[in-house]
Every structure is written in structure tokens, then in C-alpha cells.
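With chain A fixed as given, assemble chain B with the ligands onto it according to the hints.
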Amino acid sequence: MPVNEPTTSYFEIVKREDYSDVTYMLEVSHPLMARAAKPGQFVIVMSHEDGERIPLTIADFDAQKGTVTLVIQAVGKTTREMQQTCQVGTRLYGLVGPMGIPSSLSHATKVLCVGGGLGVAPVYPQARGFKELGAKVIGVLGFRNKDLVFWEDKFKSVCDELILCTDDGSVGIKGMVTDGIKLALERHPDIDEAVAIGPPVMMKASAETTRPFGVKTMVSLNPIMVDGTGMCGGCRVKVGEQVKFACVDGPDFDGHLVDFDDLMVRLRRYKEEENAAMKRFEESCRMRDFMVTDAEVREAITTQMGEA
Amino acid sequence: MAKKRTVRTIPQERTAVRELDPVVRGTNFEEVNCGYNEKEALLESERCLFCPDPKCIAGCPVNINIPAFIEKLGQKDYRGAYDVITASNLLPSVCGRVCPQENQCEGVCVVGESLEPVAIGRLERFIGDRAIAEGWVNIPAIEPAPYKVGIVGSGPAGMACAADMAKAGCDVTVFEAFHEPGGVLRYGIPEFRLPNSVIDAEISNLKKLGVRFECNTLVGRLFTIEQMIEEMGYQAVFIGTGAGYPSMLNIPGDSLNGVLSANELLTRCNLMRARDFPKVDTPLPLGRKVAVVGAGNTAMDALRVCLRLGAEKVYCIYRRTKAEAPARAEEIHHAEQEGIEFHWLTNPVEVLGDDTGNVRGMRCVRMELGEPDSSGRRRPVPIEDSEFDFETDQVVYAIGTNANPIIGQTSNLGLNKWGYIQCDDSLATSLAGVFAGGDIVTGAATVIEAMGAGRRAARAMKSYLGLRDDDALESPGTLFGIDLREHNYARVRIA
Ligand SMILES: Cc1cc2nc3c(=O)[nH]c(=O)nc-3n(C[C@H](O)[C@H](O)[C@H](O)COP(=O)(O)OP(=O)(O)OC[C@H]3O[C@@H](n4cnc5c(N)ncnc54)[C@H](O)[C@@H]3O)c2cc1C
Ligand SMILES: Cc1cc2nc3c(=O)[nH]c(=O)nc-3n(C[C@H](O)[C@H](O)[C@H](O)COP(=O)(O)OP(=O)(O)OC[C@H]3O[C@@H](n4cnc5c(N)ncnc54)[C@H](O)[C@@H]3O)c2cc1C
Ligand code: SF4
Ligand code: SF4
Ligand code: FES
Chain A
155 MPVNEPTTSY
165 FEIVKREDYS
175 DVTYMLEVSH
185 PLMARAAKPG
195 QFVIVMSHED
205 GERIPLTIAD
215 FDAQKGTVTL
225 VIQAVGKTTR
235 EMQQTCQVGT
245 RLYGLVGPMG
255 IPSSLSHATK
265 VLCVGGGLGV
275 APVYPQARGF
285 KELGAKVIGV
295 LGFRNKDLVF
305 WEDKFKSVCD
315 ELILCTDDGS
325 VGIKGMVTDG
335 IKLALERHPD
345 IDEAVAIGPP
355 VMMKASAETT
365 RPFGVKTMVS
375 LNPIMVDGTG
385 MCGGCRVKVG
395 EQVKFACVDG
405 PDFDGHLVDF
415 DDLMVRLRRY
425 KEEENAAMKR
435 FEESCRMRDF
445 MVTDAEVREA
455 ITTQMGEA
Chain B
3 MAKKRTVRTI
13 PQERTAVREL
23 DPVVRGTNFE
33 EVNCGYNEKE
43 ALLESERCLF
53 CPDPKCIAGC
63 PVNINIPAFI
73 EKLGQKDYRG
83 AYDVITASNL
93 LPSVCGRVCP
103 QENQCEGVCV
113 VGESLEPVAI
123 GRLERFIGDR
133 AIAEGWVNIP
143 AIEPAPYKVG
153 IVGSGPAGMA
163 CAADMAKAGC
173 DVTVFEAFHE
183 PGGVLRYGIP
193 EFRLPNSVID
203 AEISNLKKLG
213 VRFECNTLVG
223 RLFTIEQMIE
233 EMGYQAVFIG
243 TGAGYPSMLN
253 IPGDSLNGVL
263 SANELLTRCN
273 LMRARDFPKV
283 DTPLPLGRKV
293 AVVGAGNTAM
303 DALRVCLRLG
313 AEKVYCIYRR
323 TKAEAPARAE
333 EIHHAEQEGI
343 EFHWLTNPVE
353 VLGDDTGNVR
363 GMRCVRMELG
373 EPDSSGRRRP
383 VPIEDSEFDF
393 ETDQVVYAIG
403 TNANPIIGQT
413 SNLGLNKWGY
423 IQCDDSLATS
433 LAGVFAGGDI
443 VTGAATVIEA
453 MGAGRRAARA
463 MKSYLGLRDD
473 DALESPGTLF
483 GIDLREHNYA
493 RVRIA
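Listed in order, the protein sequences are those of chains A and B.
Quick note on the numbering used here: the first sequence kicks off at 155 and runs consecutively.
Quick note on the numbering used here: the second sequence kicks off at 3 and runs consecutively.
Pulled out of the complex, with its shape left as it was, chain A reads as follows:
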């Protein structure tokens, strides 16, 4: 298909789904990106002019429909605000990508795809990519409980076997993704590669679980980013003895070489500002709620008076 004139200034949200009170999915129109995206890549989003540039993994892409899918966890000011403002028909102020080096979908014949928390959606394109290349795919997904489970069907359609893990055992096995990984590795000693995506602690634990089995484990790192083009160095991570910029040298790295403790310390860098921003945001929400209630009350009163 020929690449036409770029249309890079619309970014309309064409579909939205809410998987839980903190997880939501946005499908954004960007035909060029939908064609260019590959598993493992990410975008940087600005929701409004004064907003922050936040990186989000491309959780799915559909070249036919011309859309890319983002699955977002509301953890702070920007992601919470987007949860409120990003409705179908609205537009993102900025959307740039696909960024990062695509995952190298190797010639592995049996692959373990592990997703936890934030990482469930981002691991999907890789699982699908491996499947399309003819590999056997074993999926391990971790959720806190049954109510938070999403995309089970999507994963089932690309996985030869899917192991769900929940903290409380309300569905699948009771335990963490690492328990699921162990189970999978024991059942399938011929797994030749693993991919683990999620919060840094979970990726660290996953890498430690596969290490004794000698299974190469790729992880997708999520340091704080600004430009995503290799220009600022804010996203630097330690891999082996080297410093790498996750946005252009990654985001995928060999999990057995990554210094996760360094990553976790660096993720805390803006903690104070993040908390302050969140607090102010919550306060402004309460103000708005208050005003809404106020208006509703007034409306109710007028209605009642009208009826009387």
C-alpha cells in the first residue's frame, strides 16, 4: 500500500473502553502510524497544549482501520486527567511515534510472553507477532483479581496456552506472575525465549525467575522520558556496564543485564512534583464536583418549584 500524504495533525479518539476504574483503552486515528507501527514500539502523547509529554506503548495497531490502540493506567496527574478528558470524538494535542527499536521477533520456536499490571497490553503485539511468525506462544498474565482481567480473548486467540495469575486466586492460579513463569517453564522446558513487560519490580522478578533456566528474557523499560528522540538523555538506563538511552537504543533490553534498582531509583526523581500535581488536580476535581452538585441541586430545586 502506498504511503499517502501524511496526516499527522488530527489524532482523533475513535473508540474508548474502560477495563476498570483505573485502566482505559483509547483507539486513536493515525493511518500512517498504524501502518508503520511494529511490536515493542511506543508513542509520546500530549493531551493538551500545557500538558506533559508522556510515553505509552502501542498496545495494538490496525493498518486497515488506520488506528493505534493505547491502554493506559491512571497513576498520576496526566493519566488521570486523560481518563476524564479523552472521550470519543475528542483529539489529542500531540501524538508522535512510533518510537523505539521494534522488538526483535527472533526465530524462537517457543516463546513465553509475560505481562503484569501496566504490561499486559504492551506484551500483546509481541505475542501476536511471534504467533504470526509461527512460534508457539505461552502467555502468562498477572492481575490483582478477576474484575481487573481484560483482553483475555485477544490473548487466547494468539496464545497456545494462557496462564492467568491473580493475587487472590479469583481466577487462574493464585500467585504472582513469577509463579506462572515457573509453572510454564516447568511444563515447557523447550521455551527458548521470554518477554516480560510490566512494572520494574515485576520485570526484575521475572528476569530472576528465568535466569536459572537460562532462558533469554527481554524486558521493555519505562524510564521517564521527555522527547523520545535521543536528545535529552532523561531516559538513560544501565544495561550491563553501559549507559543506554531507552527511547532510541531500546526500549527492549536483555533483562538479565538490566540494572533494575537504578531504574527504580530514577523513576522516583519527580516524585514530589508528581504528588503535588496530583493533589492540585484532585482538589480541582473536587471543586468541579462541588460545582456540579451545586448546579444539580439548584436544578432540582427549580424543577421542584416548577412542579409545585
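Just so you know, the hints here were simulated from the structure itself, not pulled from any lab data.
Note that the structure is a prediction, hence the values are computed from the model and not measured.
Note that the Cβ used here is the ideal one computed from N, Cα and C, for glycine as well.
Hints are supplied without guarantee of correctness; some may be wrong.
[To be verified] No more than 25 Å apart at the CA atoms, straight line, and that leaves these computed lysine to aspartate or glutamate pairs for DMTMM-like:
1) A:K425 / B:D395
2) A:K192 / B:E216
3) A:K358 / B:D256
4) B:K315 / A:D344
5) B:K419 / B:E451
6) A:K425 / B:D357
[Said to hold, decoys possible] Facing chain B, according to a computed beta carbon distance under 10 Å, are these residues of chain A, among others:
7) M200
8) G205
9) K231
10) D321
11) V355
12) K392
13) E427
14) E428
15) A431
[Said to hold, decoys possible] Quick partial rundown of chain A residues pointing at chain B, CB under 10 Å, derived from the structure:
16) F165
17) V168
18) H202
19) P252
20) G387
21) G394
22) D415
23) D416
24) R420
Quick look at chain B with the ligands alone, frame taken from chain A:
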């Protein structure tokens, strides 16, 4: 005509320029250098000797006809002066402000041999600002040409190439990865040195020439250079993606929280407007005592930004002496005025952290100058047992950049061993129809050099596309080894 000027008859003192008070400006982002008003500009213009062999022209990387524009300025023909400048330089308002004039035009000005050189930069800025205020723009009669030209990167190199190709009639689109165009002019150089309104004016001039801007477009990843040529119908492409990729010192403590590159600091502050946090969402936590490593323009900008954001102490750490500092003289001077503490001949050996992973100090070693190295500068060598620690809670690295890898990762362009794009003299790359220039070819340089490269590439592009190049006709030079001017050569215009 007036009497011939000599060094004796011209005003001896360089006309001073008004500047904001150092104490007041340390707290805001207003422009420090107020520029000449009309009276001051006219006075300074009297200092040019209109040399028969003007050295200054050769000193300017784009060879502006400096005496000609100063002469017009002196006659109050400001529009005429603007036309002279813009024949070579598209961005007088920008270059008048940020060129390292002391190493370029002013460094070789004849007046400078006995007095202070003519303030060419300030005069140029006067004309540029006048043009913006009056809304002048030189739009020639453009003959449409049936070619689509793609420009990657909207820094000075990209802007210059775009302008020339638009004037040649091509359909020009500039692709920029950020959400706003301008390159380093926008994200790097702060407001107090180069106001955004100046960049906006220059961009809007380009739009008047018919240039289109597509922001939020990461070329290489969204589509490749090869796709632009093969699938998207661009007959020629110019790459001006800048240098990017900041260097780290590679000393212990590099990854502590509170250590960041000047690029990150400046991007957060300028492009993302973190200085207005919490009104905008991008944070920029600031240390009380900030140490900036390096002494180039980037370092000066970082130092002065930190000061303005409210740091109590701002230190500049540089391993050579002030004489070797690569920054513009004016910026070092301004930084000193504002109370930045300079520590020359000092080299960091370790960033010290506390137990939560934050910076608490820095260990440095004193240096002395030894033998000259390959660049001719005396190499700094550490003095034994001179290590010392000092307290700081934020460390900013401004020690240079490496080539941005994205275009290299995604195309078959030939790169040199440092990862910069390889070009021939005309700035053609190893791919037919693809040209490159600016920092991504030369490594970090200057605005005017990037702009000059953009224009040079445009000439090569025109000849590649078979477009008429009016500049070439003005100086036919030699053809087949024959100097055309010596022969009875009639200029033929081939459309
Ligand atoms: C390559 C990459 C891909 C990502 N993909 C996704 C994705 O698909 N879906 C998704 O929901 N999030 C993803 N993230 C994380 C996302 O960018 C952050 O959650 C977001 O920037 C938080 O912004 P905020 O203002 O809402 O929260 P903030 O106020 O900035 O932070 C709130 C909390 O989130 C933590 N946090 C901040 N930044 C990050 C980060 N980069 N990674 C992890 N935790 C962070 C902070 O420590 C803090 O505890 C990705 C990050 C990267 C680098
Ligand atoms: C802080 C700082 C201060 C400086 N001060 C001075 C000064 O006072 N005087 C002076 O003469 N010089 C100064 N310089 C140097 C000067 O700014 C640069 O040499 C000049 O800007 C280089 O221009 P350029 O067009 O090559 O690249 P840039 O200005 O770097 O522009 C490149 C643009 O391309 C974009 N880009 C990169 N990759 C892609 C991609 N794949 N797809 C799309 N877009 C992409 C970038 O986002 C950027 O906007 C300074 C530099 C810095 C960093
Ligand atoms: S462009 Fe720069 S170097 Fe050239 S004359 Fe102007 S200030 Fe001097
Ligand atoms: S060298 Fe100096 S005095 Fe001579 S023409 Fe140039 S600016 Fe004027
Ligand atoms: S995000 Fe700026 S270099 Fe990676």
C-alpha cells in the same frame, strides 16, 4: 560622497548596547540585550570603514555583504539593508543575537586591529528586528516547479533549505519530531537570549513562502527517508536533524537523581515551559546549589536558566581556562555579571550521592595546562592530590553531543565512524536525491553554519532537480577548467 573614513575619524568607542540590570534579570526570562535603537545603530554604522577588501565578509560563514548593508543602514535605507542581508542570511534577527561574532565577522574586522571591531551582529539584529516589526519579507516572484521537496528537521539548517527550495518554486514540507518547529532555537536557546516571538516571525515568513510544517512527525520511524523518495513522491529530501544525543561524563554517580543533561534541563524549561510549573504539567525540580559542567553556549544557557529558576548558587565547572571556553564572549560576560561562580581548571571525578540516590555533592580535581593537543589548545592535566569535594544538589552536564542515531538506524545512508551523515562537498549523501547539512553532518556547530549548510544543500538540490540556480549565474566561476570571466563569455539563461 563623504570624506573617506579612517580608523582615526570614526567614533572610537563601540556604541554601547542597553542591557537589563543583572540583579533584576536574574529573576526573569526577559531578553538581556535590548538591542540598538535607531540612533545607536546609526552611530555605530559610522564606524565601518567600507574597506575595499572587506575581511569581515570572509569571516561570515554565509558571506553577507557587510559593508553594503551597513552603508544602506547609514543612509537610513533599512529596507535596502534588509535586502542585502537576506540575499545571504535568512535569519538576521536570530544570527545578530546568537552568532559568535568575535570568532567570525567581528573577529577579522579591520577596525578591530586598533579599536573594538564594528558591532556587526548588533547592526544586523537591528535590521532584522526592524523587518519583523514592519512585516517585511522578501517573497520573490516564484515560478512553480513540479517538484516535491521534503525537509527533515526544522532547525536553522532545515529552515534555510526550505526557504531556498520554496523560492525555487518547489512544493516544500518540513517534518519536525517535536510539537513545535524551530530546533535548538526553540528548545535549547532560552527566551532571555532569543525570544520565541523572533522564531515565530521567522517561521511565519517561511509559511508565507508556501512552506508547510508537519510537526509530531518522527522521520525514520513514521516513514523512512527511502519511503519519502520511493513511495511518497518526494523528488528530493534534505536532512537537518541536528546533533542531539548528549554525552555523559561516564564517572561514578552519573545516574544519580539530580544529574541531567543541559538538553533535558533546557527542553523542560523552554519547550515544555516547566518554568511555569504547576501551570503547565512538566516538572523541573531545581537544586539550591547547581553545578554545570562545561563552558560552551549550552553550559552558559543552563547556568543562567538555573539562576533564573531560583537556585541560590550556580557553579560553572570547566577543565580548561576562560580563554579556551567555547561560549560566546558576551554570554560568559553576562553570566559573570549575573553572579555565576566560575571554577576554571577544575574537572569532576565523581558525583556523590546520598543513600536515597540523590546528588549531595561533587568531587573535583584541579587541573593545569600542559602541552598543546591536536586541536592546538593546551591540554589540561590533573594536579596530583588536588581532589576536593563540594556541596551541590543538582549537576548538569553540558559537555557536548553525539550524532542522533534514528536516521542511521532506519536508512541505508552512509555514515562516518562517529555516526554523522557522510556527505560530499555539495552536501549530497550516499542516496540519490538525499542531501544533509547542519549539526547532523558536522557535529555541534553554530546556527549560521547550519543555515549556510542548508543553503548550500539547496543549491545542490536545485542542480540535481535541474532547476535554474540564479546564484550560480552571478558567479559562473570556472567551467571545464576555463575561467569563464577571461573569455568572451556570454551569460545564457537556460530556463
Ligand atoms: C516506553 C514506555 C512505555 C509506557 N507504556 C505505558 C502504557 O502502555 N500504559 C501506561 O499506562 N503507562 C505506560 N508507561 C508509563 C507512563 O508513561 C506513565 O505512567 C505516565 O507518564 C505517568 O504520567 P502521570 O502524569 O499520569 O503520572 P506521574 O504523576 O508522572 O506519576 C505517577 C506515578 O507513576 C510513576 N511513573 C511515572 N512515570 C513512569 C513511567 N515512565 N513508568 C512507570 N511509572 C511511572 C511515578 O513514579 C509515580 O509513582 C510507559 C512508559 C514508557 C517509558
Ligand atoms: C543550548 C544551546 C545553545 C546554543 N547557542 C548557540 C549560540 O549562541 N550561537 C550559535 O551560533 N549556536 C548555538 N548553538 C548551536 C546551534 O544551535 C546549532 O548548531 C544549530 O541549531 C544546528 O542546527 P540544525 O538545523 O543542524 O539542527 P537543530 O537546531 O538541532 O534542529 C534539528 C531539528 O530536527 C528535529 N529532528 C531530529 N530528528 C528528527 C527526525 N528523525 N524526524 C523529524 N525531526 C527530527 C529536532 O527535533 C530538531 O527540531 C547552541 C546549541 C544549544 C544546544
Ligand atoms: S550572520 Fe553572523 S557571522 Fe555573518 S555577519 Fe551576521 S553576525 Fe556576523
Ligand atoms: S572589515 Fe570592519 S570596517 Fe571593514 S568593511 Fe567590514 S565591518 Fe567595515
Ligand atoms: S527521552 Fe530524551 S533521550 Fe530518551
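Structure-based check of each hint:
1. A:K425 / B:D395: holds (16 Å)
2. A:K192 / B:E216: holds (22 Å)
3. A:K358 / B:D256: With Cα atoms ~22 Å apart, K358 of chain A and D256 of chain B stay inside 25 Å; holds.
4. B:K315 / A:D344: violated (60 Å)
5. B:K419 / B:E451: holds (22 Å)
6. A:K425 / B:D357: holds (16 Å)
7. M200: holds (6 Å)
8. G205: Since chain B brings a Cβ to about 5 Å from G205 of chain A, closer than 10 Å, the hint holds.
9. K231: holds (6 Å)
10. D321: violated (29 Å)
11. V355: Because about 16 Å separates V355 of chain A from the closest Cβ in chain B, which is outside the 10 Å limit, the hint is violated.
12. K392: holds (6 Å)
13. E427: holds (3 Å)
14. E428: holds (7 Å)
15. A431: holds (6 Å)
16. F165: At about 8 Å, which falls below the 10 Å cut-off, the nearest Cβ of chain B leaves the hint on F165 of chain A intact, so it holds.
17. V168: Not OK, violated: V168 of chain A not within 10 Å of chain B, min 18 Å.
18. H202: holds (9 Å)
19. P252: Hint holds; P252 of chain A Cβ to chain B Cβ min 5 Å, cut 10 Å.
20. G387: holds (4 Å)
21. G394: violated (14 Å)
22. D415: With Cβ-Cβ at 9 Å, under 10 Å, it holds.
23. D416: Where the cut-off is 10 Å and the nearest Cβ of chain B is about 6 Å from D416 of chain A, the hint holds.
24. R420: holds (6 Å)
Taken one by one, the earlier hints fail for this structure at numbers 4, 10, 11, 17, 21, listed in ascending order.
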